[in-house]
Each structure stands twice: as structure tokens, then as C-alpha cells.
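Number of protein chains: 2
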Amino acid sequence: MIFTVNSPADFHVHLRQGSISTLVTPHVRKGGFNLAYVMPNLTPPVTTTDQALEYKAQLEKIDPSVTYLMTLYLSPTLTPEEIRKAKEAGIVGVKSYPRGVTTNSDSGIESYEAYYPVFEAMQEVDMVLNLHGEIPSNAEHNTHILNAEPKFLPHLYALHAAFPKLRIVLEHATTRAAVEAVKACGPTVACTITAHHLALTVDDWAGQSFNFCKPVAKYPDDRAALREVIKEGHPRFFLGSDSAPHPMHKKSTSTPTSGCAAGVYTSPILLPLVATLLESFGAIGNLNDFVSNNGRAFYNQVVSEEIGSVQLRRVSGVAIAESYGSDPESVVPFWAGKTLDWEIVS
Amino acid sequence: MIFTVNSPADFHVHLRQGSISTLVTPHVRKGGFNLAYVMPNLTPPVTTTDQALEYKAQLEKIDPSVTYLMTLYLSPTLTPEEIRKAKEAGIVGVKSYPRGVTTNSDSGIESYEAYYPVFEAMQEVDMVLNLHGEIPSNAEHNTHILNAEPKFLPHLYALHAAFPKLRIVLEHATTRAAVEAVKACGPTVACTITAHHLALTVDDWAGQSFNFCKPVAKYPDDRAALREVIKEGHPRFFLGSDSAPHPMHKKSTSTPTSGCAAGVYTSPILLPLVATLLESFGAIGNLNDFVSNNGRAFYNQVVSEEIGSVQLRRVSGVAIAESYGSDPESVVPFWAGKTLDWEIVS
Numbered sequence: 050m051i052f053t054v055n056s057p058a059d060f061h062v063h064l065r066q067g068s069i070s071t072l073v074t075p076h077v078r079k080g081g082f083n084l085a086y087v088m089p090n091l092t093p094p095v096t097t098t099d100q101a102l103e104y105k106a107q108l109e110k111i112d113p114s115v116t117y118l119m120t121l122y123l124s125p126t127l128t129p130e131e132i133r134k135a136k137e138a139g140i141v142g143v144k145s146y147p148r149g150v151t152t153n154s155d156s157g158i159e160s161y162e163a164y165y166p167v168f169e170a171m172q173e174v175d176m177v178l179n180l181h182g183e184i185p186s187n188a189e190h191n192t193h194i195l196n197a198e199p200k201f202l203p204h205l206y207a208l209h210a211a212f213p214k215l216r217i218v219l220e221h222a223t224t225r226a227a228v229e230a231v232k233a234c235g236p237t238v239a240c241t242i243t244a245h246h247l248a249l250t251v252d253d254w255a256g257q258s259f260n261f262c263k264p265v266a267k268y269p270d271d272r273a274a275l276r277e278v279i280k281e282g283h284p285r286f287f288l289g290s291d292s293a294p295h296p297m298h299k300k301s302t303s304t305p306t307s308g309c310a311a312g313v314y315t316s317p318i319l320l321p322l323v324a325t326l327l328e329s330f331g332a333i334g335n336l337n338d339f340v341s342n343n344g345r346a347f348y349n350q351v352v353s354e355e356i357g358s359v360q361l362r363r364v365s366g367v368a369i370a371e372s373y374g375s376d377p378e379s380v381v382p383f384w385a386g387k388t389l390d391w392e393i394v395s
Numbered sequence: 050m051i052f053t054v055n056s057p058a059d060f061h062v063h064l065r066q067g068s069i070s071t072l073v074t075p076h077v078r079k080g081g082f083n084l085a086y087v088m089p090n091l092t093p094p095v096t097t098t099d100q101a102l103e104y105k106a107q108l109e110k111i112d113p114s115v116t117y118l119m120t121l122y123l124s125p126t127l128t129p130e131e132i133r134k135a136k137e138a139g140i141v142g143v144k145s146y147p148r149g150v151t152t153n154s155d156s157g158i159e160s161y162e163a164y165y166p167v168f169e170a171m172q173e174v175d176m177v178l179n180l181h182g183e184i185p186s187n188a189e190h191n192t193h194i195l196n197a198e199p200k201f202l203p204h205l206y207a208l209h210a211a212f213p214k215l216r217i218v219l220e221h222a223t224t225r226a227a228v229e230a231v232k233a234c235g236p237t238v239a240c241t242i243t244a245h246h247l248a249l250t251v252d253d254w255a256g257q258s259f260n261f262c263k264p265v266a267k268y269p270d271d272r273a274a275l276r277e278v279i280k281e282g283h284p285r286f287f288l289g290s291d292s293a294p295h296p297m298h299k300k301s302t303s304t305p306t307s308g309c310a311a312g313v314y315t316s317p318i319l320l321p322l323v324a325t326l327l328e329s330f331g332a333i334g335n336l337n338d339f340v341s342n343n344g345r346a347f348y349n350q351v352v353s354e355e356i357g358s359v360q361l362r363r364v365s366g367v368a369i370a371e372s373y374g375s376d377p378e379s380v381v382p383f384w385a386g387k388t389l390d391w392e393i394v395s
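Protein chains in written order, with my numbering: chain A, 50 to 395; chain B, 50 to 395.
I should point out that these hints are in silico values taken from the structure, not numbers from a laboratory. Beta carbons are placed, not taken as given, at the ideal position from N, Cα and C, and that holds for glycine. Treat the hints with care, since some could be wrong.
Partial list, computed: chain B residues near chain A (C-beta under 7 Å) [unchecked claim]:
| no. | residue |
| --- | --- |
| 1 | His193 |
| 2 | Val251 |
| 3 | Pro296 |
| 4 | His298 |
| 5 | Thr302 |
| 6 | Pro377 |
| 7 | Ser379 |
| 8 | Val381 |
| 9 | Leu389 |
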């Protein structure tokens, strides 16, 4: 059985910098994708047009066969003028990280209202706002990593109300509440879903650091909501893998004083993985919409066979590699050692 | 400042077997305690009176200065006759593990009604039923490690209603729901609380395997409920450390296919740790009740200076050891590298 996917696009991916970037950037193509929407949380974060263009040039040097859509990191240095410059330069979005909730988010934002002039400019020039939708944990208010996303949703509603024409993407939704919130918003609000959040629940990352990521996978009912919204074919939900490579030693080991890195790495197996997952819950028929049509429509990106159609073949259990690269920077993919039911036809 | 604690008693502790037992059993005394209520989840589990007596003899050989109260592991081999024999032999309780929820629980129970004749005999001879109060995860019913305890509580109510005179201890409560359930029961139902669940929330074990245990630490509001019930001095709540040593390499490392061991090790620092925690939330005045009086009253164990009063001294930051023992079986204590505000006066 052969399944053809037109122009697969990953609308949320971490391609890092330095030697790990050289390793993982070609995995976008290896995983079946020819468009990568690139996150700006480098060290230091990508906060200017010039940095973003330089980063894009580095990625194109590593693998010129992929289209890289670039983003800026929302921070106090970002001005309406810089937004206009960024738009001119072809930069697509601005990513907002609440402070301290995930990898390299120390420069993240604390309150949105200070950024309203920036959002106003983004709405005007039609740039996309990408939201990491969690609020920081706070024991006094019973805010923790399991309810950090639902508690963020009032911010989503407020931003959408204040800037109804601003295109907003709630990134890597993990809860039923988030799915319902995005549905309740207008056509300018969309939502990415990762592959791994279609597979994991809290039980899977408890004591298992390779499955630990931010936002953490939630309860079975939340996973069910993510699966359902794909199955029903809602047009404003699409794939953003949040593929986030870390060297194996940072994932496998904790010390009593420091935990493991947050992030699940799916790039090199992404399209077969998504096909395997969608098939497992009866949504394989929506594969093209989920990994291409919906996201490309929202981002005004052409869907075309010429860009690159990818053929998937149904197989009986192809093993996933144990790791990619070599020590000390080898990276372990999600589901390492498990098997996939689909493979890309070379 | 000196604080005297009379007859500290740990009503839930794992003393293991073999060489790790030799290492950790003396830590009961080191941590300030002279009574240990010993869990039966060895390999194979302690299911008979003879096994329990043999295990007790092994522990007494390692450290004869501690009183060991022994328990049996509830399983289909346990009969009313064996209960009477156990009572005669001085065995105090029977521990129930739902199948598969924690370390060495593969022989745990699946349904309680089959055990009603055993419980009837326990009620008759006045043995204690110790409940690991979690139901197994089940995605279809949205049951996961965070709600496994609240979903167990109907079993507690049902057992208490069926056997109103049977003394029952809900072990290592971690949720507000469990605290309220135990309060709502009659005087034959009590509850242990660990030291580490007074410190941790879900944020602390996410990606940090040394803080991972079962039941997992829950939300800040649940931790607040545990603290409140100690602060209010409720007589049916008392310390059971659930101190559960694992070799460091089983705690520190995950592989993609297997996670780390569940368990937090507090024995060697237990009394100073509990004092530090209780002081942190304004309950140091209830230290004697929590670590001695309440539990001893429930278990009909004498409180007396002669058994051993322990003096604690207020200090400014005594460092906790990084580990105990030597490779490959060294064990890392809870809060390794952090400091305590109290120490035992030698």
C-alpha cells in the first residue's frame, strides 16, 4: 500500500546551532519534510532580522533543499520598526516564550501588554504570532506543569480579542482545554500538535527522561482530544513537531542536583511516525490535511507536487534507529528501538 | 535550641534484602528512629509467617537496636489460618499492593472481594491492613498516575464499611482527596504521610529521576493539604517515610527502553528532614505527634523515654551526604547536597 503526501511541512522545529545543527538539519528532509518553520530559541536568542537571516543562511548551507521559514524571539528589544524590517526580509513569525518554562526561555516574556505596539505592527504587516502557551509554575496559586497550559488560555483569548486580525498559532497544544479554546476562536487562530503528544501521556514520562518534554504530555483524555480534532479534520489544526534534539547524555542522566533536558526528537522519522500514529487511531485519511494542507493554508504556503510529494509505503515494523550522530553529541530519536508501520519510499 | 522527640517511629519503610539491606537497615537508627514498620515487597514477596520471621531475624542481626514490626504481602496464598498464625507470631499487618503500580508489585491484588475472608480474620484478631491506595493506569478510563489515588478512595470506603473494626492505614497519602477521605472515616482508619511528599510537587520530579517515586508527588494544593493536616494535629495522620533505596545507577539513568526506579531514600536523614520540613510550614510543635505519638497510639506501641528519646539541635545548614555505601550499590539520599536545619545530637 502506497500513500502520497504532497509538500509535507513541519510548522515547529528546533534546528539548533553549531555541530548539532549540522547533524539534525538534514533530518528534516530525511523525515519526509521540505518545509521547516524554525524556532528562534538559540543562545543568544534570534531577536533581530539580521540574526534570523544569518541563521537562515547557515541552515541553507547545511541543507539547501528545504524551505526555512524564520521567526524572531519576542523580547523587549523587538520594536514595530524591526517588525516591518523583518516582514520585508521574509521573516514569517514571532515566537513568544513565557519566562523560564522550557529550553532557552530565560529571555522569555512576563506580560503581554508591553508588547501591544509590536503586535499592532505584526497585525498590520501580517506576521504570525507563535505562542508557547504555558504560564510559569507557582505553588501559591496551584499552578504546575500539568495545568500551565489551561491557565494560559485566557491570554490567548485576550490577545485574539485585542488583535482579531493578527494570525496567532497556539503551539504544541497538549490539552482538551486548549483544543476547545482554539476552536472557539476565529479563523485567525490556529494550533500545532506534535507527533509525540499523540502518543504519550503523563505515565510515559514519569521516570522516563527520554519522553520528557515541555509542555509535558498530559492525561489520556487530553491525548484523546488531540487525536479527535485531527480525526474530525478541523482545518486550523496541523503538525508542528517541536522536534527538539539534545545530546544523549543530557537526556539519559540526572544527578541529584540537576535533571535531564526537556525535549523529544522526532525529525528523522517524522512522516512515517505521524502516519503510524494517525493510522493507529483511524485518521490516516487526514494525513495530507494534518501534515500539509491545513498548515500551508494558514501560512499561505503553496501546496504542490512540484515542491515535493512524498510516497509512504505500509510495512510491517521498520525499526527506529537507536541514535544518530556520534558521541558526545549523538541524539536519540523518539521511540528508539520501537518500530514504525510506514516508511518513506526512497 | 534543642527539641526532644520521644520514641520516633517510622510506620512505613523498605529495608530490602541482601547487601543493600546491610547498608540501609542501620540507617533507621542513624535517621533517629527506633521502630521500623517493615514492608514485605521483597523478591519473592513475604507472604508467610515463616518468611516474615526469617526476614525479621535477618534485620535484627544487622541492627538489633531497632524494633521491627513485620508485615505480610497480600496475595492469593494468604488464608485466614495463616492470619491467625501470623498474629500469634507477632506480625502486625498485611500490605496490599494493587498489581503493577510500584516496585515489586507484580504479585499485587486485582480485586478486594476475594480477600474478604482474610480481612474477616484480620478484623477478628486485630491485625492492620496497609493499603497502597492507587488503582492501575487505564487510558480508556482516563486513569493515570496523577488521579490513581483519588480513584482508589471508593475502595477505602467500601473496605471500611464492610469491616468497620478492621484497622486500616492508607499509606503514603499524596492528595487532598485522600486526606479528606481518611478524615471522613471512623477511628479505625489512619493514614501515613512521607517526608518527601511534604516537600515535592509534580514539577520536582518532571525530568528529575531522583525525585521520582510512587505514588508520584502531586499538585501544590495536594501538598498543602498534607501540610495542613499535620499542622492541625489530626491524630490519625502520622509519619511513614516510604524510604525506598535503589542503587544510584538505577535512579540516575534512563535508556530509551527503560526508565529509572521509583523511590526516594530518606532513612538516614529522616528525623532532621521531617523537623526541617515541619518547621518550614509552621508545624514544628507537632513533631512529636507526627513522628511518634499518633502512630504509636494507632499501632498500640508504647511511647516512652526509655525506648529512646532523641534530641534535635537547631543548626544553620548541615549538608546532606551525596551518597551512602560504595559502587555499584551506593544509594543517594533525598535532597543530596542540600542542607537541613536540624541535626541529631549524638
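Each hint, compared with the structure:
{"no.": "1", "hint": "His193", "result": "5 Å, holds"}
{"no.": "2", "hint": "Val251", "result": "5 Å, holds"}
{"no.": "3", "hint": "Pro296", "result": "14 Å, violated"}
{"no.": "4", "hint": "His298", "result": "10 Å, violated"}
{"no.": "5", "hint": "Thr302", "result": "6 Å, holds"}
{"no.": "6", "hint": "Pro377", "result": "16 Å, violated"}
{"no.": "7", "hint": "Ser379", "result": "12 Å, violated"}
{"no.": "8", "hint": "Val381", "result": "5 Å, holds"}
{"no.": "9", "hint": "Leu389", "result": "15 Å, violated"}
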